[in-house]
Amino acid sequence: EAQVTQNPRYLITVTGKKLTVTCSQNMNHEYMSWYRQDPGLGLRQIYYSMNVEVTDKGDVPEGYKVSRKEKRNFPLILESPSPNQTSLYFCASSTRGPTDTQYFGPGTRLTVL
Amino acid sequence: AQKITQTQPGMFVQEKEAVTLDCTYDTSDPSYGLFWYKQPSSGEMIFLIYQGSYDQQNATEGRYSLNFQKARKSANLVISASQLGDSAMYFCAMRDFALGYSTLTFGKGTMLLVSP
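Those sequence lines, one after another, are chains A and B. The opening residue of the first sequence carries number 2 in the numbering used here; numbering runs sequentially from there. The opening residue of the second sequence carries number 10 in the numbering used here; numbering runs sequentially from there.
Treat the hints with caution; some may be incorrect.
So the derived label-pair ranges between C-beta atoms look like this [stated by the list, open to error]: (1) B:E53 x A:S68: 20 to 28 angstroms; (2) B:G61 x A:M28: 14 to 22 angstroms; (3) B:E70 x A:T96: 15 to 23 angstroms; (4) A:I78 x B:V87: 38 to 46 angstroms; (5) A:N52 x B:G71: 29 to 37 angstroms; (6) A:Y11 x B:F56: 17 to 25 angstroms; (7) A:T96 x B:T16: 28 to 36 angstroms.
The set of hints was computed from the structure by calculation and includes no laboratory data. Built from N, CA and C at the ideal position, the CB exists for glycine as well.
So here's chain A without its partners, still in its complex pose:
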């Protein structure tokens, strides 16, 4: 089944404790992206990757890191999480075309205390 998977689905952590949210897709998509969703602010792009070893900042990259060492994986790293990073996070992937459909993972609900 074609899908985007994220782990963990739910995470409660404390300020400053490094964490990684994994994202994997099995559709051989070149493009992958991370979004966060907050009430009243909608979905905002954090980082995106056009292909392996190619990543760039989205609208709200501060406090986040990403890497793209393999085509299928695009982990999101929070080196020192803070309470303002409490949010619902989505990973998405698509083919290379600039207007192609993005398919989303199930979401990761993160709470930073």
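Position chain B relative to chain A; hints supplied.
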């Protein structure tokens, strides 16, 4: 200026009726894609329908259709014969290359409630 505008925070419809969710967009890029996603209370983002800027005909996917009016920059979602399971948040989104890279911009969403 907002790139995607959804003016209806909430909509109510009775089961089996049709409903239209509004979306207007703004871009200077001649090549763009318009999307609708559904987000039920469980939280996942489900892709519903896509319309390309060069597509001549309105997109349809089962009970979903997209009323694309390019000159008016609108891309309304029409759901025919609403079902209880259609109750969810609906997001209009646009993907363009106006900033020199491919971005997907979402509207604020419309909450649809379907009553029996």
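Next on the checklist: Tell me the hint numbers this structure goes against, listed in increasing order.
Outcome noted: Failing hints: none at all.
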